[in-house]
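2 protein chains.
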Amino acid sequence: MIDNLKQEKIDQIPSILNELDIDLWMIIEKESDITGDPVAEFLLGTGVTWLSFYCFFRNGKKSAIIGSLDIEKFKRLEIFDEIFTYKNSCREDLLRILKENNPGKIALNYSKNSANADGLTYGKYLQLIELLEGTDFISRFIPAEDIIAKLKGKKTREELDRIQHAVDNTLSIIDKLTVFVRPGYTEKEIARFLIDERKKTGLPASWDEEHNPAVFAGPQDTGAHSGPTEKKLERGHVFNIDFGVKYKEYCSDLQRTWYVLRENEKKPPEEVLRGFSVIKESIHRAFNAIKPGAKGVEIDRINRQYLIEKGYEEYPHGLGHQVGRSAHDGGALLAPAWERYGNLPFIPLEEGQVFTIEPRIYLKEYGVITIEEMIYINKNGAEWLSIPQEELFIIK
Amino acid sequence: MIDNLKQEKIDQIPSILNELDIDLWMIIEKESDITGDPVAEFLLGTGVTWLSFYCFFRNGKKSAIIGSLDIEKFKRLEIFDEIFTYKNSCREDLLRILKENNPGKIALNYSKNSANADGLTYGKYLQLIELLEGTDFISRFIPAEDIIAKLKGKKTREELDRIQHAVDNTLSIIDKLTVFVRPGYTEKEIARFLIDERKKTGLPASWDEEHNPAVFAGPQDTGAHSGPTEKKLERGHVFNIDFGVKYKEYCSDLQRTWYVLRENEKKPPEEVLRGFSVIKESIHRAFNAIKPGAKGVEIDRINRQYLIEKGYEEYPHGLGHQVGRSAHDGGALLAPAWERYGNLPFIPLEEGQVFTIEPRIYLKEYGVITIEEMIYINKNGAEWLSIPQEELFIIK
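Going down the list, the sequences are from chains A and B. Using my numbering, the final residue of the first sequence is 1526, and nothing's skipped along the way. Using my numbering, the final residue of the second sequence is 1526, and nothing's skipped along the way.
Check the hints yourself; a few may be wrong.
All copies of an identical chain are treated as equivalent in the list; a pair is satisfied when it fits inside any one copy or across any two copies.
With a cut-off of at most 30 Å between alpha-carbon atoms, the simulated DSSO-like pairs for lysine-lysine come out as follows [said to hold, decoys possible]:
id, residue 1, residue 2
1, Lys-1229, Lys-1410
2, Lys-1329, Lys-1494
3, Lys-1361, Lys-1217
4, Lys-1509, Lys-1284
5, Lys-1203, Lys-1318
6, Lys-1318, Lys-1330
7, Lys-1361, Lys-1203
8, Lys-1329, Lys-1136
9, Lys-1318, Lys-1306
10, Lys-1318, Lys-1329
11, Lys-1378, Lys-1329
Keep in mind the hints are simulated off the structure, nothing from the lab.
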């Protein structure tokens, strides 16, 4: 038996296939422990050893072809209406299923745009082509990226609750940091504190622990994805963290910024206050523009343009990404039309999606000012999942 | 800095490329947390967010192209001689590196045979083709499966030590099970005991905990890959486990078999003793035939034929697989020439490889009799890594 959440997601499939006019969605797995398809893990929560096919038809029928030794495991899942097992070759079963159902369009998990929709390895694709050689099923393949974007993007109530718990826990831990931190602490010590506090809650990190939290103390060349160093937090410096936890497999991903007062300083310097205030305003402008049907490239532009107008250098990444079972959940992105983002900034936003908003600016003398909030898209616009950082946190 | 073991593996690359007459091995990654290439994780121990290229040249040169925000992390690895970063598109850097070095053969991580060598997703492959459109580099692609088979197969001293520790720890835990188990315990209780004992050692499971250990008590339909159930161990039944741990990231994978004496029974029935003795002898026959240059299909046949001659039904899987950072490590397999195994049974065995030997027979009245040993191939033949199970374990 799978849990309710997986069942809810599987139940969404037929209507999504219908909406997209796709007859069959076929997920192909092999040695899931080594090169598993992230969507198979998301839907089934288990894997296989031999080349296996999970077929979801538009009419709701679900068929699987698996190696003979996986049969008990698959029976227990109670997902599939029919399960075919093989010992030597899966060719016969695969051809029979395709001939019997004769799907017009067959969606496979490959995508030039979204990693979440790109679980099919090239070797497995070549195997599939070999198995279907001489048939015209090969000409019916299309990428499943739209299916996966809808399935993962459109959160159920249960998914949203879990994300909210992850966000709330993250912000509680961050609150404790403000009390803990003193000038002279290293980035590593700050990271250690957050990791220890997270472990007390029993929650796992929402991305690899080596970079979660990321901690940036003061001026630096360092990019946003590197791990904490022995660098010490000094008075007169800005510091920030990028931190997230998982609650029942669902992620948070948040950033906050602090300033460490100099001796005799009553408040942060004007330049720092202005930077923080511009970041905050830029987030509100993006927030206000988000609604179903808007495109991520437009939201990103509103935010980016505002920062540029205020005289700051453009940040070298997209404004925000979706969050779900992964901290970076596909497909639609809030991002500029850079080649590396493919078509993702042009996919219209939809009700039910969860996004981060995370612009940043760099002050050469002080460090990186950045806030990352998380929002939910309802039918009219955005709702906060995180309580937004309205004031720069101060360390005395 | 990467650890010594990763450095040792990276240092093996140029001579392997030379041996295979390959000029460039290019690993392509993107969103490693979601669809990471298992070999990239094996060599670097870290991942990336944007489309990235790790180029290992035959002459020892190592170049990387990564998204700008990953630069600090990659500098700290101290692996690459040159690192190019990009914000918008990696096309220019990629073309320049290829033109400057002009490699004749370019190996990519795709394989119809081995999951370990199949880390390149089809979407990333399509992106690569798009980036190189109009050049003839595309015609120079070959699968990197031979590189990866040699790199992962040929264990260094350090790797072998770690595997030996994993094996020794596993066998110690299994010894405790013989003292613990009583008739009436369920498969789940037996699994719980092994998991608890493993956790006391602080070692992680070498494959997913839901099926590690697998426990099979008495006669059943169940395949070898399903999780333990509420089924109770009865007197007069055979039971077995499939269990493994990781020691510093390196795996063990072992199976052992027990018999539960009936009231007033002094020793197991003849049928059970004979089955165990045939399995044991079949393992020794395979062990004696293993040497560098032999093919897995021959070793499998020696074992399989012996069981068939003795009147048992053929087991529905290969005789053995390699073990390393994954419990199922590729490429060469000890397996029959079944389509699902591709070319893996035909790759000659090499010195330095670690294999399991795991035949099984099924006795309708009693249950599954199976032993899984682990061996190392030296220049003359096989060496035991596990102390072989010579006697059927007895529960009174």
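Same-copy or cross-copy closeness of Lys-1318 to Lys-1330 [CA-CA at most 30 Å]: Both: 18 Å inside a copy, 29 Å across copies.
Go through the copies and call it for Lys-1361 and Lys-1217: within, between, both or neither, with a Cα cutoff of 30 Å. Cα proximity of Lys-1361 and Lys-1217: across copies only (26 Å, versus 57 Å in one copy).
Is the C-alpha distance from Lys-1329 to Lys-1136 at most 30 Å within one copy, between copies, in both cases, or in neither? both (26 Å within a copy, 29 Å between copies)
Under a CA distance limit of 30 Å, which applies to Lys-1509 and Lys-1284: within one copy, between copies, both, or neither? within (12 Å within a copy, 57 Å between copies)
Give the relationship of Lys-1318 and Lys-1306 under a CA distance limit of 30 Å: within one copy only, between copies only, both, or neither. within (16 Å within a copy, 41 Å between copies)
Status of Lys-1410 relative to Lys-1229 across identical chains (alpha carbons, at most 30 Å): Close neither inside one copy (57 Å) nor across copies (46 Å); limit 30 Å.
Reference check for the pair Lys-1203 and Lys-1318, CA-CA at most 30 Å: within, between, both, or neither? between (43 Å within a copy, 15 Å between copies)
With 30 Å as the alpha-carbon cut-off, assign the pair Lys-1329 and Lys-1494 to within, between, both or neither. neither (34 Å within a copy, 48 Å between copies)
Taking 30 Å as the upper bound on the Cα-Cα distance, should Lys-1361 and Lys-1203 be classified as within, between, both, or neither? between (50 Å within a copy, 15 Å between copies)
At most 30 Å between C-alpha atoms: does Lys-1318 with Lys-1329 qualify within a copy, between copies, both, or neither? both (16 Å within a copy, 28 Å between copies)
If the cut is 30 Å between Cα atoms, do Lys-1378 and Lys-1329 qualify within a copy, between copies, both or neither? Result: close both inside a copy and across copies, 14 Å intra and 22 Å inter.
Going through the hint list in order, the structure does not satisfy hints 1 and 2.
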